[in-house]
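Engineer: Here is what each chain is made of, one letter per residue.
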Amino acid sequence: MNAALLSLFAPLAGGLLLVLWRPARAGLALGVALVSLLAAAAALHQVADGTRQWLEVGGWAPPLAIRLQLTPLSALLLLFTAGLHLLVAVYAARRPHAIGGADFWPLACLLHAALAALWLSADLFNLYVTLELLGLAAVALVALAGEKAQRPALDYLLLSLAGSLAYLLGVAILYGRYGVLDLFLLGEQATADAPTRLALLLMTLGLMLKGALWPLHLWLPAAHSSAPAAVSALLSALVVKGPLYILWLLWTRLAPTELAVQAGPLLAGAGALALLAGGWAALRTPLLKSLVAYSTVAQLGYALLALGLAMHWQEPRLEAALWLFVVAHGLAKVSMFLAAGELQHTLGGKRVVTLKGASQTLPVTMFTFVTAGVSLIGLPPSGGFLAKWLLLQPLLERPQHWGWALAVVLGTLMSAAYVFRVVAHGFDRARPQPPQVRPDRFGQWLTLLPALLVFGLALIGERMLPWLEGVSR
Amino acid sequence: MSWTSLLPLAIVLSSLVPGLIIFTLREEQQRLRVTLNLAGVALKVVLVAAMLIGVSDGLTFRFSLPFLPGAPLVLQGDALSLLFVTLSTVLWLATTVYAIGYLEDSPLRSRFFGYFSLCVSATVGLALAGNLVTFLLFYELLTLATFPLVVHRGTPESLRAGRVYLAYTVGGGTLVLMGVALLHALAGSPDFQPGGYLDGLVEERGPSLRVAFALLVLGLGVKAALIPLHGWLPKAMVAPAPVSALLHAVAVVKTGAFGIVRVVYDVYGAEAMEALALARPLLWLAAATILFGSLRALQQSELKRRLAYSTVSQVSYITLGVALLGPLAVVGGLVHLAHQGLMKVTLFYCAGNFAETLGVHRIREMNGIGRRMPLTMTAFTVGALGMIGVPPIAGFISKWYLGSGALEVGQDWVLLVLLGSALLNAAYFLPLVWRGWFATPADWHADNWAGERWETHWLLLLPVVFTALASVLVGILAGTAISPLGWARLIVDREFPR
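Residue numbers (my numbering), protein chains in the order written: chain Y, 526 to 998; chain W, 4 to 501.
No lab work stands behind these hints, which were simulated from the structure alone. Please note that a few of the clues may not be correct.
What the hints assert, rightly or not - In silico SDA-like links for lysine to any residue, alpha-carbon gap of 20 Å or less:
1) Y:Lys875 to Y:Arg963
2) Y:Lys673 to Y:Ala747
3) Y:Lys875 to Y:Ala747
4) W:Lys238 to Y:Arg946
5) Y:Lys673 to Y:His870
6) W:Lys238 to Y:Arg954
7) Y:Lys875 to Y:Arg809
8) W:Lys238 to Y:Ala949
9) Y:Lys875 to Y:Gln675
Bound-form chain Y, shown alone:
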């Protein structure tokens, strides 16, 4: 547990130091992210055998105490968060155009700390605090892009506050009804009565709004595509996963089984529609970063589909699929947003059509985009494929579930269509003598790294599965 706490407090302390200590330094942020990464690896090592650890803050026993829990999954998510933060920070240090200002450094650290605290919390109010901190840090990061991002950032702020408020209201109702805030104690007591239903509904809507889950996703494309590239990468890969985690905790650990079974198809249906609607929007949009942002909406649909069906059928295999989607999507999306930023910056245009000939002028970056895209489509042997395979297995076992599999097929085809839409432009040889561009070599290869990791994920995926399912009820 101490290692996990270090992984949480390193970015928190670093973030606060950076706020006070002007001008902010990239070096400190890098160091903090590295420490956090190592600590998270140590934490994962401690719980790798499937144990879980508790920390009762202040030494009080529950129900008075605020508890933190460390499970293999939360350790993995700590590692994932710290790793992506470090990678984006290294990239940002090298390519200052991708961050929009020195305020990036403290904000990214605070974002990291908020997420780390979120993965470790087991208390509804504590989760609220982390959620609020996460939202504020994210909004501030979007606003770094300057004037053009003011409107999306403001929308994001207002909707994020509305989401938090709905969540908080739900928490208050549950506290009034049961008198405890600890997630697992609530899980033991909760019954399917009207206040509990209302609270769960409010919390779910609030979380869906904050997590940009369809149909409450409308703020996401504008916010993610107007932010600086490094920020978009953090937002798409990490931030939207926080509310999803809480949603998962709510419905699989707290909610009475009978309610989860009822609500499952609704969430799964929203997930299926997210796949289609997000994919369609990504196909239609003329702008590159907007395409990548809509692809996030679509990919979150897979996660929501997995969550809804896991609730409906009480099927732990689907929870593993959910977390594999989250990790695979995060890695691929970091690569894709950074590559999109690199393409945009070097070729000097925001539209998809400016990529004509990019396979000649920026081969490595284009390759990065494709590699990440292949995982998003879910072609073997990527992490996205592994996740989709796990999702498909329970769906295909019974013919009456095949309708859901059809949604997955359509989602796959849509994602293939929007990824190859970009790729096809790259192979266009419309201008035989392309303008001389000088790509940044280090930046290019660094961007490729997470996309390659997502392929490595497929090889260690089988060993990771026990961690993903390790959180037992």
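For chain Y, the structure is supplied; the task is to place chain W on it using the hints.
Structural biologist: Using the frame of chain Y, we list chain W on its own:
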């Protein structure tokens, strides 16, 4: 790990590694690129030869790596996979030489040869795949590796063709994925085995097995160009000639046909196919494709498009042989896998030579071309006669076995299909041969004749002569054990234990 488990991996890597290195080379590093390419080919030839000897002595080669839960990555060399691996290797050798000559001084050669090697690695991996999940992996990789080759020229036309190609193949790949996932949910993913592994499920999960079969065959049928899924193939003709040659002879259409062989014999097995009544629809589909492809070929006025529709027709002979479910017919189908490859690659090289040397693309421009390019035209004639089924060229052997196989299982009507197709083949190939040798030359003749010692670049001529000779030799030597026919009989002996 012993050498028997590493050999399959080494065969895949012997083209993958040179391919990856080639990507990083600069355009002007021509010599290094050619060396790497040829070194990879030579190494692969040696490794494949070693495996051929091993398998004919009864050794088994198996490499496995944990991948999905319950479904490892398996590469294994059995008699069937080696038929396809050997074909790919030999034709890769010839096509590499051809491509070096064809692309001399054209831009983006590093990219081209990089993807070219990836494409062969995917094909060989697919041939060696030991279970359905591994097969799926390489099937999708092949799509990704061939797309850049199809759009290599980067013109609006080739990009359009590339989009069509992707739409078909990604769609097909998704169907295969669903089929594989469904079978995995029902029966897990054990290694391919003669006679299949689904017998125990036929009673209980019959409808699900039928759905899985339909998904797999439709998905594979896209690459195998079964009607109505063949639309991408004539469009993909915009690719450079070596790509068309490889796509048509080995890489893409054959992987579809090979996949159907695997699914029918090593996943379902003849008994389950009978019990589920799946063979008959496949047979009809194949027969319809054979006739349809030939009819469409007759209507084409462009040489490469005529050859493309001829591929649609000829590849379905393999599916036909497989769907007849009798030992003799299977021999015919399998041997056609190799024979069609040799003959079709010859025809495409010839078409490439005509286009490259004289700018001849359309059929009416071929008049008298035999006087200008006698060797190429001879090779073309060999390929064309072989496709029709004239003895002793390879195509005759395939048709003989397919015909006797059909009689053996009592499907006499198939003979009519074969006969009709032979007539149609004659109708669309013989006029070309006649034009080439006997028609009065057109006006290209005078200004294009002088100055060259050879009829075209020797690197373009060598592979043509090689594959044409091979098409004749495998026909003449069909009775020996080392011919494709001998090998196909070995496969069938092992698949149908008597």
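Engineer: Would you pick out the hints that fail for this structure and give their numbers low to high?
Structural biologist: The structure breaks none of the hints.
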